[in-house]
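Participant: Work the whole structure out from these sequences, hints included.
Take any residue in the sequence shown, count from 1 to its spot, add 1: that is its number in our numbering.
In short, the hints are calculated from the structure, not lab data.
No incorrect hints appear here.
For lysine-lysine, the following DSS-like pairs were computed, each having C-alpha atoms within a straight-line distance of at most 27 Å:
#1 Lys343 with Lys440
#2 Lys238 with Lys440
#3 Lys161 with Lys42
Have a look at the derived ranges for each label pair, beta carbon to beta carbon:
#4 Glu23 with Gln253: 55 to 65 Å
#5 Ala468 with Leu225: 19 to 29 Å
#6 Glu342 with Glu23: 49 to 59 Å
#7 Pro26 with Ala468: 42 to 52 Å
#8 Glu256 with Asp402: 11 to 21 Å
#9 Leu226 with Ser159: 33 to 43 Å
#10 Leu226 with Glu40: 42 to 52 Å
#11 Glu256 with Asp4: 38 to 48 Å
Small disclaimer: the values here were computed from a predicted structure and weren't measured.
Beta carbons: idealized from backbone N, C-alpha and C, even for Gly.
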Amino acid sequence: MIDTQALRQKVLELAIRGKLTEQLPEDGTAEELYAKIQEEKQTLIKEGKIKKEKPLPPIAEDEIPFAVPQNWKWVRIGSVFTLKAGKNIAASLIHDIESEDYCYPCFGGNGLRGYVNQTNVSGLHALIGRQGALCGNINFADGDFYATEHAIVVNEYSEKTDTKWSGLTLKTLNLNQYATSVAQPGLAVNKIEKVVMPLPPLAEQKRIVEKIESIFVVLDKIDLLQSEYVNNLSALKTKIIEAGIQGKLTEQLPEDGTAEELFEKIQEERKRQIEIGIIKRVDLLPELVDSEMAFQVPDSWKWFPLGNISYIVRGGSPRPIKQYITADENGVNWIKIGDVEKGGKYIYATEEKIRPEGEKKSRRVYPGDFLLTNSMSFGRPYITKIEGCIHDGWLLIRNLDGFDIDYLYYLLSSQFLFNQFSDKASGSTVTNLNIDKVKSAAIPLPPLAEQKRIVAKLDAVLSILDARR
2 MIDTQALRQK
12 VLELAIRGKL
22 TEQLPEDGTA
32 EELYAKIQEE
42 KQTLIKEGKI
52 KKEKPLPPIA
62 EDEIPFAVPQ
72 NWKWVRIGSV
82 FTLKAGKNIA
92 ASLIHDIESE
102 DYCYPCFGGN
112 GLRGYVNQTN
122 VSGLHALIGR
132 QGALCGNINF
142 ADGDFYATEH
152 AIVVNEYSEK
162 TDTKWSGLTL
172 KTLNLNQYAT
182 SVAQPGLAVN
192 KIEKVVMPLP
202 PLAEQKRIVE
212 KIESIFVVLD
222 KIDLLQSEYV
232 NNLSALKTKI
242 IEAGIQGKLT
252 EQLPEDGTAE
262 ELFEKIQEER
272 KRQIEIGIIK
282 RVDLLPELVD
292 SEMAFQVPDS
302 WKWFPLGNIS
312 YIVRGGSPRP
322 IKQYITADEN
332 GVNWIKIGDV
342 EKGGKYIYAT
352 EEKIRPEGEK
362 KSRRVYPGDF
372 LLTNSMSFGR
382 PYITKIEGCI
392 HDGWLLIRNL
402 DGFDIDYLYY
412 LLSSQFLFNQ
422 FSDKASGSTV
432 TNLNIDKVKS
442 AAIPLPPLAE
452 QKRIVAKLDA
462 VLSILDARR
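Facilitator: Laid out in structure tokens, this is it:
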């Protein structure tokens, strides 16, 4: 994911260094602009419109944090703006909802507080929050509004500075660092006035604002797209997996053979394991009919009931289970749903073990076996990395050399198969997934070599999506 907030901060930092815009001779200099501001300030003092303040100290060399273009100037905030805190207003006079009587926005230290029936400021202004954890934050207010004592109104001199530029520049100064260190942090006006800031000519200020706004429009679009992307990431990953198990991500190669040939090898492996007592003989289900095939698959693939191409049995629980739980190191791993990590793929360890005699009433599983939850949040597959026994809340799906293990995981995790399980699940209060319903699930089987290519493709694409989250 793109960190647009960091990009915005970087854009502002470049802007106040003069690195977003070209410096033009016809703009004049900030020195000339500064002189005009001081002239107007003196005029306003003589007219009694503003008070004469103590002269601000000259800027020392060590106060200047970075170099700016030659036609810019370092100034103190109080030398180019007049800062004035708003006035207190009773909370009972601030309404949450705008109405005909309470139609004027009321701004406090953290932005808009509500609406009031009176105003004390007019025009477009930058506002500095001066109280609370967010003191030093910058907001803009326009028109007739009310500023409380927790907001500092930034007043400018006869359009000598661009208001949006002023607010954006103040935002980069991290004014919160000048707050008093008390339980309720606060900013003093006379402290902010002494903070230094870079001043460009007015024409360049306007170009800076245009540049920033044009970049921020793009970043806003990225934010929207990323928000939609995050919201739809799960759906996107689902669609990609669906494409994989439909044969749409890989090329079908003649040398891979066919799913029909793979099926014959699966039955040979089934027969071998039956003969040596690893699994029991089960009857295969009838071949699927066209109506049971959810989508078209490549010619080298074939649809099968899941039970015909794997070995599926239910777990078992020795009862009462408490009599079989043991702390003995030689006990058998007792695999419970609580042993799996949320969103995980593998089972690595168990919290409990059972006595060996409990195995006779349970089901033994081995590394590489698939376990499927068959109740409550049913249909979630896991691959065990350990030997152990499973209770009757699990179904065991054993690969008979017909699947790449990761392909089978993708298949069992797919929305396509979950939908089949949901349709087949039963129960009123607790939904259950019984073994016959899992065995009858319709599965598209590709040749083994193509399964591996599908896994490689899915791993590559999904890892990119996860990295961009």
